[in-house]
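**Q** Next come the chains, spelled out residue by residue.
There are 2 protein chains.
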Amino acid sequence: MAESSEKARKYSRDHAERFRHELLEFLRFPSLSGDPAHADDVRRTADWLAAHLHALGLQNAKALPTSGHPVVYGEWMGAGPDKPTVLVYGHYDVVPAVLEDGWDSPPFEPVEKSGKIYARGATDDKGQLFIHVKALESYLEANGGAPVNVKLLIEGEEEISSPNLAPFIKANLDMLKADVCVISDSSMRTMNEPAVTHSLRGMTYLQIEIQGPKDDLHSGFWGGATHNPALALVEILGKLYNPDNTVAVPGFYDDVVQLTAQEREMIAKNPLTEQQFKDATGVPATWGDSKYTIRERVSARPTLEINGLWSGYSGPGPKTIIPAKAGAKLSSRLVANQDPEKIFQLLKKHIESIAPPTVKVNVSLVTKGKPALIPFDLPEMQAAARAYQKGWGKAPVFTRGGGSIPIVADIYDMMKIPVVMMGYGLDSDGLHAANEHYSVEMFHRGIETAIVYLKELAEMASRRKALDKTGARAA
Amino acid sequence: MAESSEKARKYSRDHAERFRHELLEFLRFPSLSGDPAHADDVRRTADWLAAHLHALGLQNAKALPTSGHPVVYGEWMGAGPDKPTVLVYGHYDVVPAVLEDGWDSPPFEPVEKSGKIYARGATDDKGQLFIHVKALESYLEANGGAPVNVKLLIEGEEEISSPNLAPFIKANLDMLKADVCVISDSSMRTMNEPAVTHSLRGMTYLQIEIQGPKDDLHSGFWGGATHNPALALVEILGKLYNPDNTVAVPGFYDDVVQLTAQEREMIAKNPLTEQQFKDATGVPATWGDSKYTIRERVSARPTLEINGLWSGYSGPGPKTIIPAKAGAKLSSRLVANQDPEKIFQLLKKHIESIAPPTVKVNVSLVTKGKPALIPFDLPEMQAAARAYQKGWGKAPVFTRGGGSIPIVADIYDMMKIPVVMMGYGLDSDGLHAANEHYSVEMFHRGIETAIVYLKELAEMASRRKALDKTGARAA
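Chains as they are written, first to last, in the working numbering: chain A, 1 to 475; chain B, 1 to 475.
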């Protein structure tokens with residue numbers, strides 16, 4: 001008779017087509033957390049997901065209210081109190097997407113094409129979180145139970161830096177109590193290079209708004225004696241960078257934990273060459289702080305990016321105005337131990353100090369999140385390595401992630417449990433961009449690896465218990 | 001019995017309400033020449049105007065095709081070949097406008113409120129050109145004829161720098177033959193300060209487009225080693241200006257005809273104070289090249305403005321991308337003797353020379369137009385001064401205009417006739433901005449002044465003829 005994880009894996013293969021169909025249904029919801037106009041869509045997504053978990057037989061499956069968008073929760077505690085409990089974290093919200101951004105098909109009308117599912121959220125994070133839902137379903141359906149207890153915590157505000165999740169966790173520490181947290185919201189370079197992420201960058205996201213004249217002005221009548229707000233913005237933004245491409249804001253790098261020679265050596269084992277970078281992104285050449293390798297720059301060093309710029313007229317043909325307003329969205333990716341609030345204050349203070357008296361300048365915080373750095377020699381991390389070896393077919397590398405999952409630092413701090421980031425995405429999935437997609441093969445191999453990971457965690461706990469007993473006898 | 005111009009003035013007063021009603025009808029057309037989506041609207045506007053001229057009894061009233069938008073033509077030659085012919089130039093096209101720009105009412109649903117007509121095009125230039133149509137109608141209806149011959153040339157591409165009008169004039173020099181050209185497409189500071197404009201700035205309008213990665217990138221995964229196109233744009237734009245607010249492009253000022261002490265003295269008679277500038281525009285402080293007065297900066301000196309900036313995300317909340325593209329619209333207001341094409345080449349060459357190898361930069365010309373400088377001691381100019389004295393009630397000042405009417409230089413060059421700019425707008429009309437409006441009083445006083453100007457031109461011609469005969473006898 002086949003072992004339970006084998007039966008669950010077989011079940012997942014037998015029901016692969018239905019699983020994909022359900023994912024497509026999930027992807028149809030335009031759950032844009034950052035746009036108030038989509039608040040209802042976000043709520044409908046949460047309701048759909050909670051109903052789905054309930055239908056699978058999970059207990060307490062609900063969309064729970066927060067001050068912002070709901071958190072979806074559900075649990076299966078049938079393994080019993082002597083078995084470990086796994087907390088799966090994911091997010092059902094997505095970043096904005098409109099067809100005009102260059103999509104080949106509408107971003108919320110998912111299509112499967114050449115082994116890929118195209119939709120906003122396909123890889124970030126609906127497709128990846130759904131892996132854990134389907135892994136648990138496979139155990140329950142194939143065996144009537146799973147080897148460990150599982151709790152699902154799926155939020156709806158990750159893309160706006162999770163303003164309400166830390167308070168939610170703090171208020172529900174008993175309900176959420178677990179031995180390990182697993183998150184699939186990261187990626188590997190190729191299908192053959194699985195990765196467990198042990199570090200993430202934090203974020204400070206801000207907005208600059210400049211007002212010059214009270215209305216747009218005719219550039220002929222007023223041009224020459226009006227400080228153009230777009231020019232004022234250009235002048236301010238230009239002063240935020242040094243000629244060597246580092247950030248020119250005083251104090252910005254003060255709290256950065258410098259990379260040790262040993263860490264740099266480990267990072268060098270997973271290189272990112274100029275050519276690889278160019279092939280993946282299409283840029284004519286790489287850029288940045290030449291004191292660091294490309295891989296270090298995109299994962300272990302802080303940044304300051306312009307995410308958006310706007311002023312005046314951008315339609316076809318000419319319009320001869322001096323714009324009344326100009327604005328920019330800016331965000332810093334932060335590394336340990338930079339504090340997001342402190343970085344915001346440094347940026348705000350610096351921008352205000354260089355703002356000219358000819359315009360009005362306003363700097364406001366949009367969102368923020370802490371960076372995280374987790375030891376990769378924990379047993380829960382090593383169990384993940386074995387799960388990849390057996391479920392995926394290849395042992396993973398441990399890497400630093402350049403992105404931000406703000407809640408990782410919070411869970412690690414508040415719950416005192418390891419956070420294991422098993423990313424089932426590909427670097428080339430185009431997340432946050434047009435034509436975001438998710439590999440069908442990735443989805444199914446992910447489910448099988450997640451199935452094996454639950455078994456590995458159960459066995460790890462058994463070994464630990466046996467070791468404890470031996471220890472007790474010896475005492 | 002009342003004299004013919006008096007009868008025409010009375011007629012214009014008796015029919016004032018209908019004249020306004022017809023103007024409102026004219027303003028309903030969204031004749032945006034710069035947006036291909038509005039090409040049909042532009043054509044419909046031309047057809048309406050041609051039909052209107054035909055109905056007034058003008059000959060050859062037609063919307064004539066060009067390579068772009070049609071030219072509307074119509075003539076009344078009933079004064080006979082021994083009388084002078086006046087060519088009236090105007091434009092029926094407008095710059096873009098949408099309610100979201102801050103309009104209190106839809107820009108193409110004109111409303112009359114507190115003595116002002118609110119609509120895009122109200123002052124620039126539908127309202128002003130309509131003055132001449134109604135002045136001619138008043139003569140024809142009240143007297144059965146006018147004291148001079150009148151030709152109307154109303155184009156539909158002024159706001160995109162009249163790409164097809166110079167060729168049209170060149171091809172129709174016989175049809176358009178006239179003794180003087182009159183244009184109402186400029187403004188005075190207050191109702192009590194009528195102005196005749198004797199100089200206009202030219203224009204070079206260009207667009208910069210920058211491409212970095214082939215698609216928007218996730219700022220976490222790629223940030224730190226990608227040259228953000230928005231930053232590249234900021235760096236390039238920043239290098240186009242000197243710290244003293246002058247243009248840093250080599251050769252930019254080379255051909256500028258320097259102001260003489262006498263000209264500066266004349267300009268100083270029509271000052272623009274810091275406080276007046278602030279009150280009119282709402283800026284916290286003025287800006288510019290401190291070697292020149294505010295009035296000189298906005299009329300007699302060239303500029304380089306950013307008319308639009310765009311990159312990445314500008315919606316609500318955060319979006320953590322590195323934008324694939326960034327762009328800007330830039331325009332220079334030029335003074336005699338700067339050549340628009342030469343200035344474009346200087347700008348393009350300079351921008352390309354400072355473009356970094358990490359992005360692709362494209363510079364393209366949008367539109368261009370020559371500056372104009374016309375002697376103000378010509379008899380046709382002095383006739384305009386008398387027309388204001390009698391029709392408006394106050395003699396005008398002769399001023400330099402900061403705006404551009406590209407065709408002024410072309411008419412002056414190609415037809416060798418004086419171009420008299422009798423502006424019936426107010427500086428505060430908000431042209432090219434939200435809530436553009438036109439003073440009802442201005443409209444009606446403009447019609448009466450235009451009526452008197454036709455009479456003054458006829459009398460000027462009679463005097464000249466008498467003088468010629470005297471001269472012939474004496475010879």
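Heads up, some of the hints might be wrong.
Unchecked claim - Pair ranges (Cβ atoms, derived): (1) A:Q59 / B:P36: 26 to 36 Å; (2) A:A51 / B:P284: 19 to 29 Å; (3) A:K349 / B:K269: 42 to 52 Å; (4) A:D339 / B:P284: 25 to 35 Å; (5) A:A268 / B:P250: 22 to 32 Å; (6) B:P284 / A:S290: 32 to 42 Å; (7) A:E109 / B:L56: 26 to 36 Å.
As the list claims (entries may be wrong) - Computed, partial: chain A to chain B, Cβ under 8 Å: (8) A55; (9) R189; (10) T190; (11) F221; (12) H227.
If you are wondering where the hints come from, they were derived from the structure by calculation, not from laboratory data.
Everything numeric in this text was worked out from a predicted model, so none of it was measured.
We put the beta carbon where it would ideally sit given N, CA and C, even for glycine.
**Q** The structure should be examined with respect to each hint, and the outcome stated for every one.
**A** Here is how each hint holds up against the structure:
no. : hint                        : verdict
1   : A:Q59 / B:P36: 26 to 36 Å   : 60 Å, violated
2   : A:A51 / B:P284: 19 to 29 Å  : 55 Å, violated
3   : A:K349 / B:K269: 42 to 52 Å : 47 Å, holds
4   : A:D339 / B:P284: 25 to 35 Å : 33 Å, holds
5   : A:A268 / B:P250: 22 to 32 Å : 45 Å, violated
6   : B:P284 / A:S290: 32 to 42 Å : 40 Å, holds
7   : A:E109 / B:L56: 26 to 36 Å  : 55 Å, violated
8   : A55                         : 32 Å, violated
9   : R189                        : 10 Å, violated
10  : T190                        : 14 Å, violated
11  : F221                        : 5 Å, holds
12  : H227                        : 4 Å, holds
The structure fails hints 1, 2, 5, 7, 8, 9 and 10 (numbered hints given earlier, in ascending order).
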